[in-house]
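Enquirer: Residue strings, one per chain:
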Amino acid sequence: MSLLSAVVGLADDALVLGHRLSEWCGKAPFLEEDLAMANTALDLLGRARLLYGHAEKLGGSNEDEYAFLRDAPDFTNLLIYELPASDFATAYARQLLIDVFDELYFDALQGSQDDTLAGIAAKSYKEAVYHVRHSSAWLLRLGDGTDESHARMQQALEDVWGYHLELFENPSADVSLVANGALPDRAVLKAAWSERVRELVERATLTVPAGNWSVAGGRTGVHTEHLGFLLAEMQHLPRTYPGVNW
Amino acid sequence: MIDRDLVALETPEYVARRARRDASDFREVFDLLDAVRDPELPELSIWDLGVLRDVRKDEVLVVAITPTYSGCPALDVIRQDIVECLRIAGIDKVEIEDQVIPAWSTDLMSQAARTRLRSGGVAPPAPHGAACPVCGSVSVEVISQFGSTACKALYRCLTCREPFDYFKEH
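For the protein sequence lines, the chains are A and B, in the order given.
Residues in the first sequence are numbered from 12 upward in steps of one, following the numbering used here.
Residues in the second sequence are numbered from 50 upward in steps of one, following the numbering used here.
No false leads were slipped in.
In the DMTMM-like style, the derived pairs of lysine to aspartate or glutamate whose C-alpha atoms are separated by at most 20 angstroms in a straight line are:
#1 B:K142 to B:D83
#2 A:K68 to B:D147
#3 A:K38 to A:D98
#4 B:K217 to A:E43
#5 B:K217 to A:D45
#6 B:K106 to B:E144
#7 B:K106 to B:E146
#8 B:K142 to B:D107
#9 A:K68 to A:D126
#10 A:K201 to A:E169
#11 A:K68 to B:E144
#12 B:K106 to B:D80
#13 A:K201 to A:D118
#14 B:K142 to B:D74
#15 B:K142 to B:D125
#16 A:K68 to B:E146
#17 B:K217 to A:E44
#18 B:K217 to B:E92
Everything labelled a hint here was simulated from the structure, so no lab data went into it.
Computed from a predicted model, the values in this text were never measured in an experiment.
Produce the entire structure from the sequences given, and follow the hints as far as they go.
Expert: Now the structure itself:
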């Protein structure tokens, strides 16, 4: 049961962030960036589908039920994934923190005792390496850009910073899974993550936020007010026309 | 006639795939499936790409495939095309199995597939990076790391100025 809920949590993370990125399609600063955000969104939706597929084999529901027929308190994604990003800088501040985490996390998850998770991790790791390259390029371009872009990227980092600590918490239900090697220990990834992010942020002439606040709750279904609106849009069609094919 | 220069360049991953295909009891099915192309890269078959992993018989014929990128939308079309291709050949009952282990990699591609990509105007994956598929120059620049599909990036040749797709090393 707890491996199932851990897999669904990882799937929810990928689905929700994939949806957030897809909201930029048609609104990015130029065509190539539209493609980049849509491509990254597709990688994340693909990862979510592989993970929901695994969850179904572990005795869970199917992917459509997970994505479209649950309400906000049933979603267990971490809060950083669901934050809205109406400013492009916010989208990439969040993306960078997550991409660096994903590279470390999925690298470690390749060693999972669960073969399917290890296989999904191998794909996700390669994709994450590519995503970091892109999000760190934006961090540098906006941070070391004009006064305006610098100020907005700094503000974006400040705005999302308090949500990153949740990435390094092991939910109590996962403790035995970490102990038996099914899942990596999130807490031990923190040092490498902090070092990498500090280096990228400083290279972009930005300042690592002081970090004196934090928000958590996603894994237990306690969400920000934003998730409900995201789900309302994402779930509209299958909720309004149950069983519809499109 | 086997091109010995090409054979010497094949990756160990491709050599292993080829040996498994040649030793398979379902060589005819592999041959039939050579007709199934990638909808986005019609110069390549699903065998060329490394998407076609294995064919075996459980209760029904099982075709094992692997996704290139996690969210590649071409995979749904490929599934339908496999079923259709085998139905035309008189095989009605087919099961398609998704295998994520080991993860797909461009190392699964043959040299012949890379040559076909190049002649289709797409720079094939290479450890040292993209070379212009038109003039062969390695003096190139990235226009966008993300191209028209998940597997490609957009480049420009600085020698002949041609913009081109690069099938990313993965």
